[in-house]
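Build the full structure now, drawing on both the sequences and the hints.
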Amino acid sequence: NGLGNITLLNMNITYKFDYKIEKIKGQDHLKITSTKLDFDTSRMFVHLENLFNGDRLLGEALHRFLDENWREVVKELGPAVGDAIGSVFKLIFTNIASV
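Sequential numbering of the sequence shown, starting at 1, is according to the working numbering.
In short, the hints are calculated from the structure, not lab data. No false leads were mixed into what you were given.
Straight-line alpha carbon distances no greater than 16 Å define the calculated EDC-like cross-link-like pairs of lysine to aspartate or glutamate that follow:
(1) Lys90 <-> Asp38
(2) Lys75 <-> Asp40
(3) Lys31 <-> Asp18
(4) Lys16 <-> Asp40
Now the structure itself:
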């Protein structure tokens, strides 16, 4: 339980989506049917507080691991992060298209 920060530098995002036009109350509306988001970053920094119930040695070891292996962490977590960001994009684009 604690605060955390994840910083991604020089993040490049590619967001692709398919859509169809639907009539709602006589007006055309865009409906997103599928999405795909890919991203890349030149560096990731992670800082998490109060890890392992405040065990400083374990917390420092995890931070060191994350700092040394950030590329592998991004590869492993990338799909979940992409899905989360993609869901936000889909919501934004759906709301814009409905206006």
